[in-house]
Amino acid sequence: MTTPSKSGALSGDTPLEEFIEGVCTSDPFKVEKDFGQGYVKLRSTEAEKRQAAQDITCAEDIVIELLRNSRDAGAAHIYLATSRTDAGRTMVILDDGCGVPPEMWEAVFEPRVTSKLETAHMDKWGMHGRGMALYSIKVNTETASIIASEADHGCCIRIEGGPALAEKTDQSTFPRFEETDGVMAMRGPKNIIRTACEFALEHRKTVQVHVGTPAQVACALYRFGLATVPAYARAFSDGAEVSLIKSLGLANSPEDLVSRASTLGLDISLRTARRIMDGASEGLDDLASLMARTSFASRTTPAQKKGSVGKAANRKPSVRLSAQDKERFLEEVKASFRSLADAYYLEDDVEPKMRMADGAFHIEIPLADRS
Numbered sequence: 002m003t004t005p006s007k008s009g010a011l012s013g014d015t016p017l018e019e020f021i022e023g024v025c026t027s028d029p030f031k032v033e034k035d036f037g038q039g040y041v042k043l044r045s046t047e048a049e050k051r052q053a054a055q056d057i058t059c060a061e062d063i064v065i066e067l068l069r070n071s072r073d074a075g076a077a078h079i080y081l082a083t084s085r086t087d088a089g090r091t092m093v094i095l096d097d098g099c100g101v102p103p104e105m106w107e108a109v110f111e112p113r114v115t116s117k118l119e120t121a122h123m124d125k126w127g128m129h130g131r132g133m134a135l136y137s138i139k140v141n142t143e144t145a146s147i148i149a150s151e152a153d154h155g156c157c158i159r160i161e162g163g164p165a166l167a168e169k170t171d172q173s174t175f176p177r178f179e180e181t182d183g184v185m186a187m188r189g190p191k192n193i194i195r196t197a198c199e200f201a202l203e204h205r206k207t208v209q210v211h212v213g214t215p216a217q218v219a220c221a222l223y224r225f226g227l228a229t230v231p232a233y234a235r236a237f238s239d240g241a242e243v244s245l246i247k248s249l250g251l252a253n254s255p256e257d258l259v260s261r262a263s264t265l266g267l268d269i270s271l272r273t274a275r276r277i278m279d280g281a282s283e284g285l286d287d288l289a290s291l292m293a294r295t296s297f298a299s300r301t302t303p304a305q306k307k308g309s310v311g312k313a314a315n316r317k318p319s320v321r322l323s324a325q326d327k328e329r330f331l332e333e334v335k336a337s338f339r340s341l342a343d344a345y346y347l348e349d350d351v352e353p354k355m356r357m358a359d360g361a362f363h364i365e366i367p368l369a370d371r372s
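Residue numbers (the numbering used here): 2 to 372.
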């Protein structure tokens with residue numbers, strides 16, 4: 002047996018496998034095709050080794066696979082817009098992960114194509130990294146496609162399930178938590194929102210997950226863009242350097258917002274766009290915050306007396322701060338506001354006010370344009 006010399010010729014006693022690995026960019030025993038940029042098509046034998054826990058058969062299965070893809074792409078924020086008509090379930094997922102290069106938009110829906118050659122791993126939902134999730138989604142729905150993505154700017158995938166795609170009948174119930182023998186368990190129908198909640202709870206330290214209607218997600222993205230994109234960038238940027246989940250913040254009119262939302266698969270009306278830009282639409286909290294507020298804040302304990310449960314659930318906490326703590330807190334609020342004021346050309350020498358009402362601290366900061 003020979004080994005490769007410095008010039009690439011064979012010499013010595015190194016096994017043939019080492020020579021092959023030395024001249025190939027990916028493992029030839031695992032890979033059928035190397036697309037470059039980290040994407041490969043696995044050999045059938047390798048894909049079979051990475052068995053999944055279950056096949057994709059319903060809308061809830063699609064949701065968890067989309068969320069896992071975004072997580073593995075390094076996303077810190079994930080937005081899922083979902084709606085249903087007589088034509089079936091539509092889902093749009095947007096994230097701020099590493100993105101998919103345009104030349105791979107179609108290929109990632111082929112069987113055994115993955116970017117996880119060496120990073121496939123098992124989580125509570127089974128093996129991830131077989132290159133079969135997006136393929137299975139596509140063959141079980143009417144349409145599945147990437148509609149927007151750039152390297153390091155996130156990804157947007159739109160799914161139209163069609164009337165044949167199964168899903169839980171009850172899609173409106175938010176999950177609740179119950180304690181049994183000291184163990185907390187999630188209860189409620191295993192619908193789309195519960196599936197997303199389970200994922201959000203599992204990854205609450207690294208990922209924020211938002212789920213809502215297209216209008217709610219468009220509103221959340223618009224507000225997120227306004228809060229995170231500097232004013233000069235919103236005024237002069239063409240959007241090329243802004244991630245997908247911030248891009249709606251660049252809209253300069255309701256018509257522009259409708260157009261930008263449409264490119265992300267979010268179909269909203271002009272009236273809805275006006276309400277969003279006027280601040281009249283409701284916000285969209287991340288699921289971990291929603292669960293903490295709705296499932297844990299009013300949770301009763303065995304020590305509570307019978308008859309007091311209703312009162313306890315309606316009782317709102319109250320806190321009386323010392324003068325020193327209140328002054329220190331308001332100084333920190335002022336310091337945080339200064340950087341925001343500078344970006345939006347607001348007067349930063351203002352005095353915030355704080356009051357306690359309805360079980361919450363209310364901070365009021367007057368806004369004034371710089372003269």
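Where hints are given, some of them may not hold.
Claimed, not checked - Derived pair list, reagent style SDA-like, types lysine to any residue, alpha-carbon separation capped at 25 Å:
#1 K117 with G75
#2 K206 with L322
#3 K42 with D124
#4 K139 with E179
#5 K34 with D73
#6 K335 with A358
#7 K31 with F110
#8 K139 with V32
Note that these hints are calculated values from the structure, not bench results.
Structure-based check of all given hints:
1. Proximity of K117 to G75 is assessed by CA-CA distance (about 13 Å); at most 25 Å being required, the pair is judged to hold.
2. Between the alpha carbons of K206 and L322 the distance comes to roughly 29 Å, so the proposed pair goes past 25 Å and is violated.
3. Straight-line distance between C-alpha atoms of K42 and D124 comes to about 22 Å, which keeps the hinted pair within the 25 Å bound.
4. As the CA atoms of K139 and E179 are separated by approximately 37 Å, the hinted pair breaks the 25 Å bound.
5. For the proposed pair K34 and D73, the alpha carbon gap of about 21 Å is at most 25 Å, so the pair holds.
6. Restraint check for K335 and A358: the C-alpha separation of about 21 Å stays at or below 25 Å, so the hint holds.
7. At roughly 19 Å between alpha-carbon atoms, K31 and F110 fall within 25 Å of each other, so this suggested pair holds.
8. Taken as a hint, the K139 and V32 pair is honoured in the structure, with Cα atoms around 22 Å apart against an allowance of 25 Å.
Against the hints set out earlier in the document, violations occur for numbers 2 and 4.
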